[in-house]
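Protein chains: 2
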Amino acid sequence: MKFIHTADWHLGKLVHGVYMTEDQRYFLEQFVELVAEEKPDAVVIAGDLYDRSVPPTDAVELLNEMLFKINVDLNTPIVAIGGNHDSAERLSFGSSWYKKSQFYLSGKLNSDFSPFHINGVNFYLVPYAEPGLVRHLMEDDSIHSHDDAMKRIIGKIEETMNPDEPNVLVGHAFVLGGKTSDSERTLSVGGSGCVSASLFEPFSYTALGHLHSPDALKHEKIRYSGSLLKYSFSEAKQEKSISIIEMKENGQFDLRTRSLKPNKDMREIAGYLAELMDPGFHNNQDCGDYLKITLHDEGALIDPINKLRQIYPNVLHLERKLAITDMKKKSTFTSLKEEKKSELELFSKFYEEMTTADFTEEKRSMMADIIEQVRKEESLK
Amino acid sequence: MKFIHTADWHLGKLVHGVYMTEDQRYFLEQFVELVAEEKPDAVVIAGDLYDRSVPPTDAVELLNEMLFKINVDLNTPIVAIGGNHDSAERLSFGSSWYKKSQFYLSGKLNSDFSPFHINGVNFYLVPYAEPGLVRHLMEDDSIHSHDDAMKRIIGKIEETMNPDEPNVLVGHAFVLGGKTSDSERTLSVGGSGCVSASLFEPFSYTALGHLHSPDALKHEKIRYSGSLLKYSFSEAKQEKSISIIEMKENGQFDLRTRSLKPNKDMREIAGYLAELMDPGFHNNQDCGDYLKITLHDEGALIDPINKLRQIYPNVLHLERKLAITDMKKKSTFTSLKEEKKSELELFSKFYEEMTTADFTEEKRSMMADIIEQVRKEESLK
Numbered sequence: 001m002k003f004i005h006t007a008d009w010h011l012g013k014l015v016h017g018v019y020m021t022e023d024q025r026y027f028l029e030q031f032v033e034l035v036a037e038e039k040p041d042a043v044v045i046a047g048d049l050y051d052r053s054v055p056p057t058d059a060v061e062l063l064n065e066m067l068f069k070i071n072v073d074l075n076t077p078i079v080a081i082g083g084n085h086d087s088a089e090r091l092s093f094g095s096s097w098y099k100k101s102q103f104y105l106s107g108k109l110n111s112d113f114s115p116f117h118i119n120g121v122n123f124y125l126v127p128y129a130e131p132g133l134v135r136h137l138m139e140d141d142s143i144h145s146h147d148d149a150m151k152r153i154i155g156k157i158e159e160t161m162n163p164d165e166p167n168v169l170v171g172h173a174f175v176l177g178g179k180t181s182d183s184e185r186t187l188s189v190g191g192s193g194c195v196s197a198s199l200f201e202p203f204s205y206t207a208l209g210h211l212h213s214p215d216a217l218k219h220e221k222i223r224y225s226g227s228l229l230k231y232s233f234s235e236a237k238q239e240k241s242i243s244i245i246e247m248k249e250n251g252q253f254d255l256r257t258r259s260l261k262p263n264k265d266m267r268e269i270a271g272y273l274a275e276l277m278d279p280g281f282h283n284n285q286d287c288g289d290y291l292k293i294t295l296h297d298e299g300a301l302i303d304p305i306n307k308l309r310q311i312y313p314n315v316l317h318l319e320r321k322l323a324i325t326d327m328k329k330k331s332t333f334t335s336l337k338e339e340k341k342s343e344l345e346l347f348s349k350f351y352e353e354m355t356t357a358d359f360t361e362e363k364r365s366m367m368a369d370i371i372e373q374v375r376k377e378e379s380l381k
Numbered sequence: 382m383k384f385i386h387t388a389d390w391h392l393g394k395l396v397h398g399v400y401m402t403e404d405q406r407y408f409l410e411q412f413v414e415l416v417a418e419e420k421p422d423a424v425v426i427a428g429d430l431y432d433r434s435v436p437p438t439d440a441v442e443l444l445n446e447m448l449f450k451i452n453v454d455l456n457t458p459i460v461a462i463g464g465n466h467d468s469a470e471r472l473s474f475g476s477s478w479y480k481k482s483q484f485y486l487s488g489k490l491n492s493d494f495s496p497f498h499i500n501g502v503n504f505y506l507v508p509y510a511e512p513g514l515v516r517h518l519m520e521d522d523s524i525h526s527h528d529d530a531m532k533r534i535i536g537k538i539e540e541t542m543n544p545d546e547p548n549v550l551v552g553h554a555f556v557l558g559g560k561t562s563d564s565e566r567t568l569s570v571g572g573s574g575c576v577s578a579s580l581f582e583p584f585s586y587t588a589l590g591h592l593h594s595p596d597a598l599k600h601e602k603i604r605y606s607g608s609l610l611k612y613s614f615s616e617a618k619q620e621k622s623i624s625i626i627e628m629k630e631n632g633q634f635d636l637r638t639r640s641l642k643p644n645k646d647m648r649e650i651a652g653y654l655a656e657l658m659d660p661g662f663h664n665n666q667d668c669g670d671y672l673k674i675t676l677h678d679e680g681a682l683i684d685p686i687n688k689l690r691q692i693y694p695n696v697l698h699l700e701r702k703l704a705i706t707d708m709k710k711k712s713t714f715t716s717l718k719e720e721k722k723s724e725l726e727l728f729s730k731f732y733e734e735m736t737t738a739d740f741t742e743e744k745r746s747m748m749a750d751i752i753e754q755v756r757k758e759e760s761l762k
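Those protein sequences? They're chains A and B, same order as listed. When we follow my numbering, the leftmost residue of the first sequence carries the number 1, and every step to the right adds one. When we follow my numbering, the leftmost residue of the second sequence carries the number 382, and every step to the right adds one.
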């Protein structure tokens with residue numbers, strides 16, 4: 001039995017002010033082709049289908065279209081759960097109808113933990129839920145943390161689970177030891193939000209969502225598929241992939257991954273402005289990617305972002321690299337502003353800090369003339 | 382062929398600060414029972430299922446639950462469209478799956494105007510759409526008004542419609558001559574938003590939503606079902622009902638209506654505070670109803686709303702009936718405030734206006750003492 005494990009689509013995501021929906025469409029169209037090629041017995045989506053509880057309407061239309069292609073056009077069962085970014089209630093609308101097409105969607109945790117059976121594999125769906133909700137649902141006041149909650153849920157599942165069959169848990173959680181990225185929303189404010197990996201021991205495979213790297217956790221039976229796309233520059237070096245699991249009757253499985261090429265990659269580049277603007281440098285790369293650029297130049301630069309955008313239209317973030325000595329100078333300058341200095345003295349300091357060049361006597365004389373000129377104009381007003 | 386025509390559920394509606402969701406649940410549970418009794422071939426919901434594009438999550442859950450009961454538990458086809466309060470895109474999610482269960486939901490207008498056939502009747506679904514969207518969809522720059530848009534849509538439908546079969550249009554529009562209530566959102570700012578009744582001539586029956594009174598339009602073939610519940614005090618006297626249509630093969634039909642009792646009625650009562658508080662008056666009525674109370678008392682009343690709420694817990698709106706002479710006095714008082722008058726003079730005017738009693742010499746003397754006392758205390762601070 002073969003299934004594809006994916007998660008964290010975050011449809012409708014906004015990254016540095018740019019809506020990712022068209023990039024997500026481009027990527028998902030390839031994903032649908034991959035499903036058509038692989039002909040899996042199921043596609044598992046482990047939460048965070050949307051980036052927020054009320055996603056933009058084009059993200060709603062995109063999800064609807066892609067799931068319909070996979071489930072109905074390609075006649076592929078889907079197993080999906082809500083994540084911490086999804087609205088449990090909004091995502092759940094219609095679930096009861098979808099089941100008829102073997103689209104098993106559990107947006108909101110409820111007390112029915114019976115699995116869905118697909119070609120000999122039992123899928124246990126555990127959508128993201130706050131510990132308080134689990135405490136209420138299970139009528140168990142001892143549940144306070146995500147770990148308590150998952151322990152209780154898995155305990156409940158084990159009551160009826162047949163351990164001799166291949167059992168897959170689909171969950172959305174922060175499993176202890178997992179590596180985080182910048183685009184995941186913290187699960188608990190105060191408290192760790194963590195769940196112990198050992199809890200998932202009863203399952204043949206645990207298909208997780210939440211952490212965005214496919215390498216977030218090193219565990220032979222518990223896996224994060226990783227997010228659909230890179231959603232922060234902290235993920236720039238991650239190799240995103242789709243996990244394909246071939247589950248055997250004894251619960252053992254083979255795993256392989258496939259990668260798809262996004263419309264635009266998300267990368268970081270660094271160097272001097274002149275270097276980055278040099279065709280010798282940028283002719284060899286995909287300048288349309290989403291970029292974070294760090295400039296090494298120390299002096300003043302006139303409108304570097306617009307210069308860079310002529311070559312790299314999708315710069316999302318620009319940083320200047322300031323050496324420690326510059327930082328010191330900066331603080332000197334700040335303190336200077338608070339003293340009474342002549343305009344010329346202030347400008348002289350400013351010039352030297354911003355350009356790292358000498359404020360020569362010729363320049364000083366020119367600047368003095370300008371200041372004098374401005375003073376005169378002011379006094380005539 | 383029998384179908385039930387309803388519309389304007391407005392799930393998640395807030396009336397004078399009170400969420401109607403529990404009242405809507407109470408009412409819809411009875412509606413489901415009515416469907417179970419009547420065993421219609423279809424239930425038609427002519428738009429505004431929700432009150433707003435992003436309804437509260439309990440309204441989402443309520444709609445999901447009720448539609449599932451009707452469609453799946455009772456095995457009754459549903460024909461539903463989006464109204465001007467619904468989000469076309471959000472409502473549409475999942476429509477493609479629902480069709481398999483004969484739940485025909487058209488949240489967003491598209492260029493496919495082929496009907497859904499249920500037991501010999503053709504249902505043409507025309508969800509609410511702005512004229513601009515229809516102009517774009519039809520690639521017809523001459524479309525500017527709702528009337529233009531509907532004319533174009535119906536023209537398109539007629540190209541393939543068999544006029545010898547019973548054809549039903551399900552629409553959400555303001556048909557010319559319809560009577561409005563306060564809880565309908567105006568369709569066009571500037572311009573009338575109106576659609577001529579004559580456009581619907583080709584149809585055996587036009588099942589409309591938008592206007593909240595079942596009597597909004599007097600027309601033998603075009604009907605507003607009216608809203609689920611009363612959603613404003615301007616609807617207090619409306620008799621809400623569910624329309625039941627028995628359609629014959631020749632397109633003629635019989636119509637009857639059934640009424641359901643809401644959890645709380647919405648009514649207006651008026652009288653003197655003492656009258657309304659008299660058990661002789663209130664023992665004979667359902668004091669838990671949503672009420673707008675108009676008090677006839679002219680003088681000052683101490684905290685009348687809280688007194689009334691002890692008897693009528695769901696007062697939503699309280700008004701004082703001011704005779705024209707009072708209004709005049711009121712404006713006199715307002716203008717007085719702007720002049721320089723002594724505190725005693727001001728109070729004397731105020732007392733007479735609020736109580737319609739004389740400010741006797743005894744009272745004047747008491748008030749003067751109080752003012753004197755306050756002045757002393759102030760000067761000691």
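Everything labelled a hint here was simulated from the structure, so no lab data went into it. Please note that a few of the clues may not be correct.
Partial chain B-side listing against chain A, Cβ under 10 Å, derived [claimed, not checked]: (1) Val435; (2) Asn456; (3) Gly475; (4) Asp493; (5) Phe494; (6) Ser562.
Every residue, glycine too, gets a C-beta built ideally from N, C-alpha and C.
Index of numbered hints that the structure contradicts, given in increasing order: 2, 4, 5 and 6
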